[in-house]
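**Student:** What follows is the residue order along each chain.
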Amino acid sequence: DGGITQSPKYLFRKEGQNVTLSCEQNLNHDAMYWYRQDPGQGLRLIYYSQIVNDFQKGDIAEGYSVSREKKESFPLTVTSAQKNPTAFYLCASSIGDGVLGPQHFGDGTRLSIL
Amino acid sequence: RKEVEQDPGPFNVPEGATVAFNCTYSNSASQSFFWYRQDCRKEPKLLMSVYSSGNEDGRFTAQLNRASQYISLLIRDSKLSDSATYLCVVERMEYGNKLVFGAGTILRVKS
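Protein sequences appear in the order of chains A and B. With the numbering used here, letter number 60 in the first sequence gets 62, and the count goes up by one each step, no holes. With the numbering used here, letter number 81 in the second sequence gets 361, and the count goes up by one each step, no holes.
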């Protein structure tokens, strides 16, 4: 079955530590996205990528970094510069290439501070 | 002002009731519109796209009014399983198709 896989499901970060969240898709989608969701708030876009080796900052990119070395993979690193990292992180993908349409989500990673 | 605004609710309704959610968006450049459903502590899932002519999918009807920048979702004959948060989402064609999410409306259907 095609889909988006995020791992781990739960992650704990120590002070000063960088952590990386994995996102893999086998939908052959060009576009991939990372969102953050805080309680009672809508999803906010962190980074997005339309093609391999290219990505753009979203609305709240500070303290995060990404890479897009393969079409299938879009890992997100939460750096120590992100002072309030506790949130639900969602990865999504869409056909991209100028095609409007819905995004499909992975089942998320919950990040907490130890 | 938020780009996409929804009444947070919660809407508490009995089984079998009809309930309507509204959503307004501020950016007239928005091109596509969706309703997503999100269950507690789960990822959002696409419920339906919203078209200017209005569209229906079983018990769910979505309407778009571009002039008023207003989107609605009507749920008829509510089921217990409809209990969830409903997210209004608009899409703009900037670099890539950027989705902007409302904060969601909570629906609780009770027996």
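Keep in mind the hints are simulated off the structure, nothing from the lab. Any given hint could turn out to be false.
[Stated by the list, open to error] Mimicking DSSO-like on lysine-lysine, the simulated pairs with C-alpha atoms at most 27 Å apart in a straight line are: (1) A:K73 - B:K322; (2) B:K325 - B:K359; (3) B:K322 - A:K11; (4) A:K59 - B:K322; (5) B:K390 - A:K73; (6) A:K73 - A:K16; (7) B:K282 - A:K59; (8) B:K359 - A:K85; (9) B:K378 - A:K72; (10) A:K11 - B:K325; (11) A:K85 - B:K390; (12) B:K282 - B:K359; (13) B:K282 - B:K325; (14) B:K325 - A:K72; (15) A:K59 - A:K72.
[Unchecked claim] Stretch-level coverage of chain A by chain B, calculated; a stretch enters the list once three of its residues show a Cβ under 8 Å from a Cβ in chain B: (16) 34-44; (17) 104-111.
[Said to hold, decoys possible] Residues of chain B clear of chain A, computed beta-carbon distances all greater than 12 Å: (18) Q286; (19) V293; (20) V299; (21) S308; (22) F314; (23) R321; (24) K322; (25) P324; (26) K325; (27) S329; (28) S332; (29) F340; (30) R346; (31) D357; (32) C368; (33) K378.
Note that the coordinates shown come from a computational prediction; the quantities given were computed from them, not determined experimentally. From the three backbone atoms N, C-alpha and C, an ideal C-beta is built for every residue, glycine too.
**Student:** Look at each hint and say if it fits the structure.
**Tutor:** Consistency of the hints with the structure:
1. Taking the CA atoms of K73 (chain A) and K322 (chain B), the gap is about 25 Å. The hint holds against a cut of 27 Å.
2. About 18 Å separates the Cα atoms of K325 (chain B) and K359 (chain B), which keeps this hinted pair within 27 Å; it holds.
3. The suggested pairing of K322 (chain B) with K11 (chain A) holds, with an alpha-carbon distance near 11 Å, which does not exceed 27 Å.
4. Between K59 (chain A) and K322 (chain B) the alpha-carbon distance is near 25 Å, which keeps this suggested pair within the 27 Å criterion.
5. Between K390 (chain B) and K73 (chain A) the alpha-carbon distance is near 44 Å, which puts this suggested pair outside the 27 Å criterion.
6. Proposed proximity of K73 (chain A) and K16 (chain A) is contradicted: the alpha carbons are some 30 Å apart, above 27 Å.
7. Distance check on the hinted pair: K282 (chain B) and K59 (chain A) sit about 20 Å apart at the alpha-carbon level, within 27 Å; holds.
8. With a C-alpha separation of about 41 Å, the suggested pair K359 (chain B) and K85 (chain A) falls outside the 27 Å cut-off, and the hint is violated.
9. A hinted pair counts as satisfied when its Cα atoms are at most 27 Å apart, and K378 (chain B) with K72 (chain A) qualifies at roughly 21 Å.
10. Distance check on the hinted pair: K11 (chain A) and K325 (chain B) sit about 17 Å apart at the alpha-carbon level, within 27 Å; holds.
11. This hinted pair does not check out: K85 (chain A) and K390 (chain B) have alpha carbons roughly 40 Å apart, beyond 27 Å.
12. This hinted pair does not check out: K282 (chain B) and K359 (chain B) have alpha carbons roughly 31 Å apart, beyond 27 Å.
13. Using a Cα cut-off of 27 Å, the hinted pair K282 (chain B) and K325 (chain B) holds, with the two alpha carbons roughly 22 Å apart.
14. In summary, the hint linking K325 (chain B) to K72 (chain A) is supported, as the alpha carbons are separated by about 25 Å, within the 27 Å threshold.
15. Restraint check for K59 (chain A) and K72 (chain A): satisfied, since their Cα atoms lie roughly 18 Å apart, inside the 27 Å limit.
16. Given as covered by chain B, the segment 34-44 of chain A passes the check, having 5 residues with a CB less than 8 Å from a CB of that chain where 3 are the minimum.
17. Counting residues of the segment 104-111 of chain A whose beta-carbon sits less than 8 Å from any beta-carbon of chain B gives 7, enough to reach three: the coverage restraint holds.
18. A beta-carbon of chain A comes within 12 Å of the beta-carbon of Q286 (chain B); the shortest separation is about 8 Å.
19. Distance check for V293 (chain B) against chain A: the nearest CB is about 21 Å away, which clears 12 Å, and the non-interface claim stands.
20. No Cβ of chain A approaches the Cβ of V299 (chain B) within 12 Å, the least distance being about 20 Å, so the stated non-interface status holds.
21. The non-interface label for S308 (chain B) is consistent with chain A: the shortest C-beta to C-beta separation is roughly 16 Å, beyond 12 Å.
22. At roughly 5 Å, the least C-beta separation between F314 (chain B) and chain A is not larger than 12 Å, which violates its mark as non-interface.
23. Here R321 (chain B) does not stay apart from chain A, with its beta-carbon only about 8 Å from theirs, under the 12 Å limit.
24. Distance to chain A contradicts K322 (chain B) as a non-interface residue, since its nearest Cβ pair spans about 7 Å, not more than 12 Å.
25. With a closest Cβ-Cβ approach of about 6 Å to chain A, P324 (chain B) is found to fall inside the 12 Å limit, against its non-interface label.
26. For K325 (chain B), the non-interface assignment is contradicted: its Cβ lies about 7 Å from the closest Cβ of chain A, within the 12 Å cut-off.
27. For S329 (chain B), the condition that its CB be more than 12 Å from all CB atoms of chain A is violated, with the nearest at approximately 7 Å.
28. The beta carbon of S332 (chain B) sits about 14 Å from the closest Cβ of chain A, which is more than 12 Å, so the claim that it is off the interface holds.
29. For F340 (chain B), the non-interface assignment is confirmed: its Cβ lies about 15 Å from the closest Cβ of chain A, beyond the 12 Å cut-off.
30. With a least CB separation of 15 Å from chain A, R346 (chain B) remains clear of the 12 Å interface cut-off, as annotated.
31. The beta carbon of D357 (chain B) sits about 25 Å from the closest Cβ of chain A, which is more than 12 Å, so the claim that it is off the interface holds.
32. With a minimum CB-CB distance of about 9 Å to chain A, C368 (chain B) fails to clear the 12 Å threshold, and the non-interface call is violated.
33. Distance to chain A contradicts K378 (chain B) as a non-interface residue, since its nearest Cβ pair spans about 7 Å, not more than 12 Å.
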